[in-house]
Every structure is written in structure tokens, then in C-alpha cells.
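Peer 1: Could you build the full structure based on these sequences and the hints that come with them?
Residue numbers (numbering that gives the first Met the number 0), protein chains in the order written: chain A, 0 to 148; chain H, 0 to 405.
Check each hint, because a few of them may be wrong.
As the list claims (entries may be wrong) - Here are the computed lysine-lysine pairs in the DSS-like style, where the Cα-Cα straight-line distance is at most 30 Å:
1. H:LYS326 x A:LYS139
2. H:LYS138 x A:LYS12
3. A:LYS65 x H:LYS335
4. A:LYS14 x H:LYS131
5. H:LYS141 x H:LYS33
6. H:LYS335 x A:LYS38
7. H:LYS375 x A:LYS15
8. H:LYS375 x H:LYS329
9. H:LYS38 x H:LYS13
Keep in mind that the hints were calculated from the coordinates and are not lab data.
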Amino acid sequence: MGKSFEEIIAPFKDKKGGIIEAFHALQKEYNFIPQEALKETARIFRIPEAEAYGIATFYTHFSIEKRGKYIIRMCESAPCHVAGADKVLKALESYLGIKAGETTPDGKFTLELCECVGQCQATPVITINGEPELNVTPEKIPQILSKYE
Amino acid sequence: MKGEKRIILEYADKINPEKAEDYIKVGGYKGLEKARRMKPKKIIEEVKKSNLRGRGGAGFNTGMKWSFIPENAPIKYVVCNLDEGEPGTYKDRIICEKNAQALLEGMAICATAIGAEKGYIYCRGEYPYIVKLLNNAIKSAKEIGALEDFDIEVRMGAGAYVCGEETALIESIEGQRGEPRFKPPFPGVEGLWGMPTVVNNVETFACLPYILVNGAEWFASIGAPNYPGTKILTLTGDINNPTYFEVPTDYLLSDVIYELGGGIKSGRELKAVQVGGSSGAFIPKKNIDTPIDFDSMTKIGASLGSGAVFVLDETRDIVDIATRIAKFFKHESCGKCNPCREGTFRMYEMMTRINKGLGKPEDIENILVLSRVMQKASLCGLGQAAPIPIETSIKHFKSDYMAKLN
Ligand SMILES: Cc1cc2nc3c(=O)[nH]c(=O)nc-3n(C[C@H](O)[C@H](O)[C@H](O)COP(=O)(O)O)c2cc1C
Ligand code: SF4
Ligand code: FES
Chain A
0 MGKSFEEIIA
10 PFKDKKGGII
20 EAFHALQKEY
30 NFIPQEALKE
40 TARIFRIPEA
50 EAYGIATFYT
60 HFSIEKRGKY
70 IIRMCESAPC
80 HVAGADKVLK
90 ALESYLGIKA
100 GETTPDGKFT
110 LELCECVGQC
120 QATPVITING
130 EPELNVTPEK
140 IPQILSKYE
Chain H
0 MKGEKRIILE
10 YADKINPEKA
20 EDYIKVGGYK
30 GLEKARRMKP
40 KKIIEEVKKS
50 NLRGRGGAGF
60 NTGMKWSFIP
70 ENAPIKYVVC
80 NLDEGEPGTY
90 KDRIICEKNA
100 QALLEGMAIC
110 ATAIGAEKGY
120 IYCRGEYPYI
130 VKLLNNAIKS
140 AKEIGALEDF
150 DIEVRMGAGA
160 YVCGEETALI
170 ESIEGQRGEP
180 RFKPPFPGVE
190 GLWGMPTVVN
200 NVETFACLPY
210 ILVNGAEWFA
220 SIGAPNYPGT
230 KILTLTGDIN
240 NPTYFEVPTD
250 YLLSDVIYEL
260 GGGIKSGREL
270 KAVQVGGSSG
280 AFIPKKNIDT
290 PIDFDSMTKI
300 GASLGSGAVF
310 VLDETRDIVD
320 IATRIAKFFK
330 HESCGKCNPC
340 REGTFRMYEM
350 MTRINKGLGK
360 PEDIENILVL
370 SRVMQKASLC
380 GLGQAAPIPI
390 ETSIKHFKSD
400 YMAKLN
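Peer 2: Here it is in C-alpha cells:
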């Protein structure tokens, strides 16, 4: 493994309110915030662990559970909903063999539900590690995911 | 497109939003130059006179907001709200992608008017590519000296709709849980790190360069007199042209749908339209001949909000859509106050029951009572607005509900 937790967190330590940036940096490296990293963040920012935990768990983008290499998020907000988001979700679940909220056994994909990601010109929308995929249909799923095999 | 009036988006796709030089070629940073030669009070007067009202949803007079900043405070902040979490809305992203420098210039004009040295842009976590774009745009503007010593820092949110509420946004920049504060004190008095802070929406800031260059009277004469200027709308749902448009604020909602929007998909009839994102009211077909400006929308019991226009055709199941919206608010409630934490939960519970065909007439009665409680007793705009789409869907489409009752 590359950098230590401390090396990832340190650049933000003197930034006012930098803890959220530090969490972003940790997630970029690990796709979630490992418990030891959370402890380390609390120590470096000089706040109680419980408070660091409270901050991390407030935001839906941060996860303290281990997640897959690729995080697929399915938008279910109203515009995506009427464009057939539930069909896309079913297709994703059956293709990956997991339910929303779960990770594939090989640790490759995590499937999550989310609200509007601001790409509503081309609904339904999913994002994969933050990259939007537009006008998604059940038929397109294998081809989209093959890019990440 | 015909019928549009482009001010902010006039040079969309013709200039590189990251390059300050490109922007200067089309007249950019002239407004800021002008502002720097004016007395701060005069700038605020000019903005007030233009009658520019906030584009972030509450429609507050921008110059007025700035005038609340105490002159003698040692430190003041300018904060740009780029949280844009309202479902169906992406206009602030479009402004950044097409004309990011106008946003930076607008923030610098505000800084000059209130005497701030530092600005923050709070960008939602769903837009990491916009964070990159903005950082490049700031670098370019800094390099040619356009911003002088005004510093702008971009901070990224992490997926919480409530962080669009200005005090929650401030909490989040401070590195806390994004829970709204009690008001007063308002941010203008005690904002970021306890200092007087102006929070404005991206679109509000982006109007300012044009107001400074062309004058308050010019701006005040465009569109609806009570809410002048242009508004960028984003169209979603059953519409032929699901895209964005910039229109004068006296543009009719019906023209948005049938002219710019190209009408309803598959030649169907319109059933309802929801303006302003998921927190907006449902508007029945009979009310669509209304200008989109803030006050006209309020008059028909709706709200302009973010300017999202969500179109539903005659085949759509309003109860199902309202249930989906109830889930959105249950998910996004921050939990700080009881009427909203418990209210959004119960609202979703009752709506799910009705939507599954298991509801009783009492459920509708209870929803209407809960709706009143939430609107009156919730701490912030999230809990206050959450029941509005549900309530208006019952008001205008009661028969759809009755048909689903057990
Ligand atoms: C739940 C909630 C979400 C909000 N989301 C946004 C948002 O995404 N963008 C925004 O500009 N304003 C949002 N607002 C309004 C802000 O609190 C604030 O009024 C606005 O940023 C002020 O800018 P303006 O005067 O330029 O409109 C939201 C308000 C509430 C209650
Ligand atoms: S109204 Fe909802 S979102 Fe706002 S403070 Fe209360 S619980 Fe939080
Ligand atoms: S509603 Fe799904 S991306 Fe906006």
C-alpha cells in the first residue's frame, strides 16, 4: 500500500474546516474510510473520535463500511424515476447478482441508490466512481459495466 | 433558440470557461473594473436598484442582503452556493461549464462592495469535474491579475441536500455536520466562523458583471418588473426538448413547455408540471399560463425555486411520483428538528401505504394535518417545503388518490 493514513490526512490539517477534505482524500485512496483512518483523522484534527464519526456518517458520500473498487450509484430522484430508474436498478441487481447497498463477492462493484446527481438532461442516470452515464437502459448495462471488468 | 434571451449564456460554447483571456475578449471583467472605481455603498445601491433577487430559491433582494453586512467588521466572507441538490436542477453546473468567469467576477464585485478578501465556492460532491474546472478558472483569473488580491477557494460537499441551506452550508465549510443553524443571527451578521457572510447562488453572482456594465436600469427593465432579468430553466420529464434555456422572467410557463420545450412527448396531453425541483408544488394544467417569475409563481401557490421544470403527461401516476418525492425528503432530512425528522418519516410511510393500495381515507386527512405542522414548525426550509408537493398533489389530483384507497 502507498501512503499512510497520516500522510493522506496531513495536508489538510491546518486548513480551517479541512476535515471534510481529508475524508475526501481518504476515500479517494480506499473508496471508504477505514476505522483506523477515522481514528487517525480525529487525532490529527484534535477532536473526539465520536465527533469525527458523526461528521463522516452525516454525509452520504462517505462510507465507513468497506466498499468495492467501483461504486455504482443509481439516481432515483423523480425525473430519473419517471424515466424508468426502477427497471435499470432491477437490471443492475440481476446483472451483478447483488441488491442495492451490497458489494459483489469479488469486491469489484458496490451498488448504491442516490438522489439527483445533476445530469437530468439525459435520464435515467447512474454514476460509476463519480462519472455519469447518461440515458441508461437495462439493455446497455452489460456494455457499460464491461468497461470496468 | 428563438424566444430565449441569453445574458449569462450568450457566449456558451464560444469561449473556454477556464480561460480568463477568453472571457475578457467578450467584455469580461469590465464590471469589476467599474466596481473598483466606485464607492462600496454605491455598488450596493446599484445592485439594489437593479432589483436583482436571489436565484437560489428564496428570491431575496441581493443588494439589500449585502447592505446588512456591518461595515466595520474586520473580516467578511463571500460564499457561493453551488450545492444544487434540487432534483431536476443543473443550471448552476451549466453556468460553470459555459461561463465560470462571470461567477468569479460576480463574487469579486460582491467582495469589493462589502470589503471581503476571501471567498468560498461550496460545490456539491456530485460535481468533482466542476471543482477541477473552477480551480483552473480561478488560476487563470489570478494569473492575469483580474481578481487582484481577492482569493477564492473551492470546497466540495459530500452528498447532503440540506447543505444547500445557507447555514448548513456554512457548517459544512467549517468541517461540521451540515445541520442548519437557528436564525437569527443571519449569516450577514454571524456567518462563516462567526463573521459577517454573504451567501448567494451561482446564478445571482453571474448576473452581477452584466448589471455593473450595462447599468441597474437596463437590468430592471428586462422581464417581470418585480423579479427582473433572465432565469435559466432546466426541463425534465415528458418533454420533447429536455434541455436548459435562459428566458426573460416574464416568459410564460405554457411557452416554456410548448414553445421551447417542444411540447409533450408522444403527442400526449399535459397532466401536471412541478416547478422548482422536488420541493416545488404541483401545478395543474389550468394554471400554466403564468409567467415564471417569483411572485407570479407564488400567486398560483407554486414557487420558482431553482427553475427546474418537471413535466408529467396524462398517463403519469401522481401518487407514485409524490411517494418517490416523500422518500427523497425522508432521506435528506438532517434530523435536527422533530417535525421534519419524524414528519418526513411518517409522510413517506403513509404515502407508501396509499401508493400500494392499502391506504384509508384517514391517511389523507392525517397527511394534510401533518403537512400543516411541518410547514409551521420545522426549523429550516427543508422540513417546511417537504409536504408541499404532497399537499398540492392531493389538492389538484384528489381523484387519483381516491382511486388508490383501500
Ligand atoms: C433545504 C434547502 C436547500 C437549498 N438548496 C440551495 C441550493 O442548492 N442552492 C442555492 O443557491 N440555494 C439553496 N437554498 C437557499 C439558500 O438557503 C439561500 O437562500 C441561497 O443560497 C441564497 O442565495 P440567493 O439569495 O442568491 O438566492 C436552499 C435552501 C434550503 C432550505
Ligand atoms: S427542517 Fe429537517 S432538514 Fe431542516 S433542520 Fe429540521 S430536521 Fe434538519
Ligand atoms: S434526477 Fe436523476 S440525475 Fe437529476
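Peer 1: Work down the list of hints and note, for each, if the structure agrees.
Peer 2: Evaluated hints:
1. A distance of roughly 27 Å separates the Cα atoms of H:LYS326 and A:LYS139; the hinted pair therefore holds under the 30 Å criterion.
2. In summary, the hint linking H:LYS138 to A:LYS12 is supported, as the alpha carbons are separated by about 23 Å, within the 30 Å threshold.
3. Among the hinted pairs, A:LYS65 with H:LYS335 is consistent with the structure: their alpha-carbon atoms are about 28 Å apart, no more than 30 Å.
4. The suggested pairing of A:LYS14 with H:LYS131 holds, with an alpha-carbon distance near 19 Å, which does not exceed 30 Å.
5. With a CA separation close to 18 Å, the supplied pair H:LYS141 and H:LYS33 stays within the 30 Å bound.
6. Between H:LYS335 and A:LYS38 the alpha-carbon distance is near 25 Å, which keeps this suggested pair within the 30 Å criterion.
7. Only pairs whose Cα atoms come within 30 Å are accepted, and H:LYS375 paired with A:LYS15 is rejected, the gap being roughly 35 Å.
8. Only pairs whose Cα atoms come within 30 Å are accepted, and H:LYS375 paired with H:LYS329 is accepted, the gap being roughly 18 Å.
9. Taken as a hint, the H:LYS38 and H:LYS13 pair is broken in the structure, with Cα atoms around 34 Å apart against an allowance of 30 Å.
In terms of the numbered hints stated before, the structure departs from hints 7 and 9, listed from lowest to highest.
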